[in-house]
Amino acid sequence: MPPAYRVSHLAALEAESIFVMREVVAELERPVLLFSGGKDSIVMLRLAEKAFAPARIPFPVMHVDTGHNFPEVLTYRDRRVAELGLHLVVASVPEALESGLVVEPSDGTRNRIQTPVLLDAVEKYRFDALFGGARRDEEKARAKERVFSFRDEFGQWDPKNQRPELWSLYNGRHHSGESIRVFPLSNWTELDVWHYIAQERLDLPSIYYAHERTVISRDGMLYAVNEFIAPRGAEQPFTAKVRYRTVGDASCTAAVESAADTVEKVIDEVAATRITERGATRGDDRVSEAAMEDRKREGYF
Amino acid sequence: MSAPTIAASEQRAMDLLRFATAGSVDDGKSTLIGRLLYDTKSLFTDQLAAVEAVSAARGDEYTNLALLTDGLRAEREQGITIDVAYRYFATPRRKFIIADTPGHIQYTRNMVTGASTADLALILVDARKGLVEQSRRHAFLCSLLRVPHLVLCVNKMDLVDWSQEVFDQIADEFTAFAAKLEAPDLSVIPISALKGDNIASRSEKMPWYEGPSLLHHLEHVHIASDRNLVDVRFPVQFVIRPQSTTVTDYRGYAGQVASGVLKPGDEVMVLPSGLTSRIAAIDTADGPVAEAFPPMSVTVRLEDEIDISRGDLICRPNNAPAVAQNIEAMICWLDESKPLRVGGKYALKHTTRSVRAVVRDLHYRLDVNSLHRDEEAGELKLNEIGRLKLRTTAPLLADEYRRNRTTGGFILIDETTNRTVAAGMIVEAN
Numbered sequence: 168m169p170p171a172y173r174v175s176h177l178a179a180l181e182a183e184s185i186f187v188m189r190e191v192v193a194e195l196e197r198p199v200l201l202f203s204g205g206k207d208s209i210v211m212l213r214l215a216e217k218a219f220a221p222a223r224i225p226f227p228v229m230h231v232d233t234g235h236n237f238p239e240v241l242t243y244r245d246r247r248v249a250e251l252g253l254h255l256v257v258a259s260v261p262e263a264l265e266s267g268l269v270v271e272p273s274d275g276t277r278n279r280i281q282t283p284v285l286l287d288a289v290e291k292y293r294f295d296a297l298f299g300g301a302r303r304d305e306e307k308a309r310a311k312e313r314v315f316s317f318r319d320e321f322g323q324w325d326p327k328n329q330r331p332e333l334w335s336l337y338n339g340r341h342h343s344g345e346s347i348r349v350f351p352l353s354n355w356t357e358l359d360v361w362h363y364i365a366q367e368r369l370d371l372p373s374i375y376y377a378h379e380r381t382v383i384s385r386d387g388m389l390y391a392v393n394e395f396i397a398p399r400g401a402e403q404p405f406t407a408k409v410r411y412r413t414v415g416d417a418s419c420t421a422a423v424e425s426a427a428d429t430v431e432k433v434i435d436e437v438a439a440t441r442i443t444e445r446g447a448t449r450g451d452d453r454v455s456e457a458a459m460e461d462r463k464r465e466g467y468f
Numbered sequence: 044m045s046a047p048t049i050a051a052s053e054q055r056a057m058d059l060l061r062f063a064t065a066g067s068v069d070d071g072k073s074t075l076i077g078r079l080l081y082d083t084k085s086l087f088t089d090q091l092a093a094v095e096a097v098s099a100a101r102g103d104e105y106t107n108l109a110l111l112t113d114g115l116r117a118e119r120e121q122g123i124t125i126d127v128a129y130r131y132f133a134t135p136r137r138k139f140i141i142a143d144t145p146g147h148i149q150y151t152r153n154m155v156t157g158a159s160t161a162d163l164a165l166i167l168v169d170a171r172k173g174l175v176e177q178s179r180r181h182a183f184l185c186s187l188l189r190v191p192h193l194v195l196c197v198n199k200m201d202l203v204d205w206s207q208e209v210f211d212q213i214a215d216e217f218t219a220f221a222a223k224l225e226a227p228d229l230s231v232i233p234i235s236a237l238k239g240d241n242i243a244s245r246s247e248k249m250p251w252y253e254g255p256s257l258l259h260h261l262e263h264v265h266i267a268s269d270r271n272l273v274d275v276r277f278p279v280q281f282v283i284r285p286q287s288t289t290v291t292d293y294r295g296y297a298g299q300v301a302s303g304v305l306k307p308g309d310e311v312m313v314l315p316s317g318l319t320s321r322i323a324a325i326d327t328a329d330g331p332v333a334e335a336f337p338p339m340s341v342t343v344r345l346e347d348e349i350d351i352s353r354g355d356l357i358c359r360p361n362n363a364p365a366v367a368q369n370i371e372a373m374i375c376w377l378d379e380s381k382p383l384r385v386g387g388k389y390a391l392k393h394t395t396r397s398v399r400a401v402v403r404d405l406h407y408r409l410d411v412n413s414l415h416r417d418e419e420a421g422e423l424k425l426n427e428i429g430r431l432k433l434r435t436t437a438p439l440l441a442d443e444y445r446r447n448r449t450t451g452g453f454i455l456i457d458e459t460t461n462r463t464v465a466a467g468m469i470v471e472a473n
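Sequence order for the protein chains is V and C.
Counting in this note's numbering, the first sequence runs from 168 upward without gaps.
Counting in this note's numbering, the second sequence runs from 44 upward without gaps.
Treat the hints as calculated values from the structure; they're not laboratory data.
It cannot be assumed that every hint is accurate.
[As the list claims (entries may be wrong)] Computed footprint of chain V on chain C; a stretch qualifies when at least three of its residues, placed anywhere within it, have a C-beta under 8 Å from a C-beta of chain V:
{"id": "1", "region": "270-283"}
{"id": "2", "region": "451-458"}
[As the list claims (entries may be wrong)] Heads up, simulated DSSO-like pairs for lysine-lysine below, C-alpha to C-alpha not over 30 Å straight-line:
{"id": "3", "chain 1": "V", "residue 1": "Lys327", "chain 2": "C", "residue 2": "Lys306"}
{"id": "4", "chain 1": "C", "residue 1": "Lys306", "chain 2": "V", "residue 2": "Lys217"}
{"id": "5", "chain 1": "C", "residue 1": "Lys172", "chain 2": "C", "residue 2": "Lys223"}
{"id": "6", "chain 1": "C", "residue 1": "Lys172", "chain 2": "C", "residue 2": "Lys248"}
{"id": "7", "chain 1": "C", "residue 1": "Lys424", "chain 2": "C", "residue 2": "Lys388"}
{"id": "8", "chain 1": "V", "residue 1": "Lys217", "chain 2": "V", "residue 2": "Lys327"}
{"id": "9", "chain 1": "C", "residue 1": "Lys84", "chain 2": "C", "residue 2": "Lys306"}
{"id": "10", "chain 1": "C", "residue 1": "Lys223", "chain 2": "C", "residue 2": "Lys388"}
{"id": "11", "chain 1": "C", "residue 1": "Lys84", "chain 2": "V", "residue 2": "Lys432"}
{"id": "12", "chain 1": "C", "residue 1": "Lys223", "chain 2": "V", "residue 2": "Lys327"}
{"id": "13", "chain 1": "C", "residue 1": "Lys238", "chain 2": "C", "residue 2": "Lys223"}
{"id": "14", "chain 1": "C", "residue 1": "Lys381", "chain 2": "C", "residue 2": "Lys424"}
{"id": "15", "chain 1": "C", "residue 1": "Lys84", "chain 2": "V", "residue 2": "Lys408"}
{"id": "16", "chain 1": "V", "residue 1": "Lys291", "chain 2": "V", "residue 2": "Lys327"}
{"id": "17", "chain 1": "C", "residue 1": "Lys223", "chain 2": "C", "residue 2": "Lys84"}
{"id": "18", "chain 1": "C", "residue 1": "Lys306", "chain 2": "C", "residue 2": "Lys381"}
{"id": "19", "chain 1": "V", "residue 1": "Lys327", "chain 2": "C", "residue 2": "Lys381"}
{"id": "20", "chain 1": "C", "residue 1": "Lys388", "chain 2": "C", "residue 2": "Lys432"}
Think of the CB as a built atom: it goes at the ideal place given N, C-alpha and C, for glycine as much as any other residue.
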């Protein structure tokens, strides 16, 4: 066997993701890619570029905007969308609050009310396939989800009633009003994503790299003090060198202490870490044992 | 002893191995997976802490590592594994994807799903119990799905005093059974998942065993030649025709190489039309490549303008798949709501081609425990396996499944519910 016929794991993952994206565009009518400006959606967008080159990406992107954003991420989003000549759909939580579609939860976090806003946009634009950047290594409910994940007309996931997924034969058939969530990065790990970012020299929002920030320590996590998070009670703000491992709603996404200011250093840090990225950074996953499954059932990603 | 952490520079040379795990209840499968993750530093402290807390709250006597993989609420509540869970770990040599298939509920459906993409299957037995009905069933399903490598792990060797005699007896019995199945490459390894013997490193308790540890075997098993590099099969997924002022007259056929090696200049035939041309170029977003082979996703351009669309297949003129509407296949029925019936019509998806199919005949239903063929069977229910004849509305460009897992496999879809109801493996196409 000549070594030339070897394929690295990263090349194999890339080929699989590209295959998945092409299947969606060939078989479904109105796909959209969920683009938050987070690292996974940035990798997904790069894969979409590759899947259809030299043509343009043949679908729009959508951002579910909670109104609680990191400014660096919004700037990045708009720049990337302009570079690729994409159409951006913004599903706005602040607008939905104003129209009465959703009500602000008493704790101020908007993670859960994103779902009706997302589903409303899906209905309005009649999207039948939604690309999401979720990975199976992230969380135990996600570990059981299909690459093509069927949603009923209410956008709900039924974990006990999933379609068997064999070989690379994906079943995207659905009735009007139903949709398919598609996860091209299902088999990627956090480390794979970072290796790919390095390989492709992908530019990321600056908050993914170590920087100094005023933070407070809450529930064992470091939260940036900003317009969404103020010190409570005995919490003392202090300056720390941090970076973000995930980028979600700015009111419930925590930073980690880090000196990793380059992609190589981040890779070494991720390779050595002993805590999962969601465990380290997401207040929203700590609600219960099955917090993610419950949100997914309602239509969350 | 555990595998070292992978530094930034090392990881890019790794290849990928997908394996499925199967075992009966209490064979220690979850413990084994937990051990592999732990020994390769792929188990995270917050995951472990969460599992420990739940275990303690439920009054388990030991940390129940099954909770790591049982992610769904119903699974935790009922203490059973319902669905295939995917797990990931890596060593400096390889990245591994585990399809962890439950041993009891819906075993066939889940096992078939997990095995369909696996390079290797790992079957666990309890050394005290030896081979049980399920071990044979799992081995049979692996052979049906043509998983190229099979590993039997004889677990709980600590509970049989690390006895070579016990191990040899199980190994001999399994090897004899596997021979009947045309089983592929087979290895048998004595382990203790709980104590970590023969998992990441060779056990000192079993000096009589001269083979590799499980992890060493997983890292070194030769999978490169499992790929079919002989038969060129390129199912066209999508035609790329940019509507752009900068790129004009571009027409490329996008797809993933199912088998064989494609090179610019090669003479090719397009099916089902049978028209021939030459490969002008093989494009990727990173530039043209000199060859394409599985599992690369590429875009092929031809020298001549031929009408090609999704579902067509590019091959070589002297080595083509059958263009067939009469299909003989083994079927595993996956749907609980309705059985398969003779005369039933279904949507059929094969490579990138979707057609309709009618079941002409059910030759027999196979008892997966005894391998007995029931020729009187009139239907196939959930988790049942049989051999049947299908007639399709349009030809499939098909190979025997034993020769090519991509151009030999298909699924049936219920046209009313849109559910995936069967997995099919082509035995003969004409």
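Results of checking the hints against the structure:
1. 270-283: n = 5 at 8 Å, threshold three: holds.
2. 451-458: holds (count 4)
3. V/Lys327 x C/Lys306: violated (45 Å)
4. C/Lys306 x V/Lys217: Within the cut-off at roughly 20 Å; holds.
5. C/Lys172 x C/Lys223: holds (22 Å)
6. C/Lys172 x C/Lys248: holds (20 Å)
7. C/Lys424 x C/Lys388: holds (16 Å)
8. V/Lys217 x V/Lys327: violated (34 Å)
9. C/Lys84 x C/Lys306: Judged against 30 Å, a Cα distance of about 41 Å means the pair is violated.
10. C/Lys223 x C/Lys388: violated (34 Å)
11. C/Lys84 x V/Lys432: holds (19 Å)
12. C/Lys223 x V/Lys327: violated (35 Å)
13. C/Lys238 x C/Lys223: violated (33 Å)
14. C/Lys381 x C/Lys424: holds (7 Å)
15. C/Lys84 x V/Lys408: holds (26 Å)
16. V/Lys291 x V/Lys327: Measuring from Cα to Cα gives roughly 28 Å; hence the hint holds.
17. C/Lys223 x C/Lys84: Judged against 30 Å, a Cα distance of about 39 Å means the pair is violated.
18. C/Lys306 x C/Lys381: Violated - the C-alpha atoms of lysine 381 of chain C and lysine 306 of chain C are around 46 Å apart, more than 30 Å.
19. V/Lys327 x C/Lys381: Given that 30 Å is the threshold and the Cα spacing comes to 17 Å, the pair holds.
20. C/Lys388 x C/Lys432: holds (12 Å)
Hint check: violations occur at hints 3, 8, 9, 10, 12, 13, 17 and 18; the rest are consistent with the structure.
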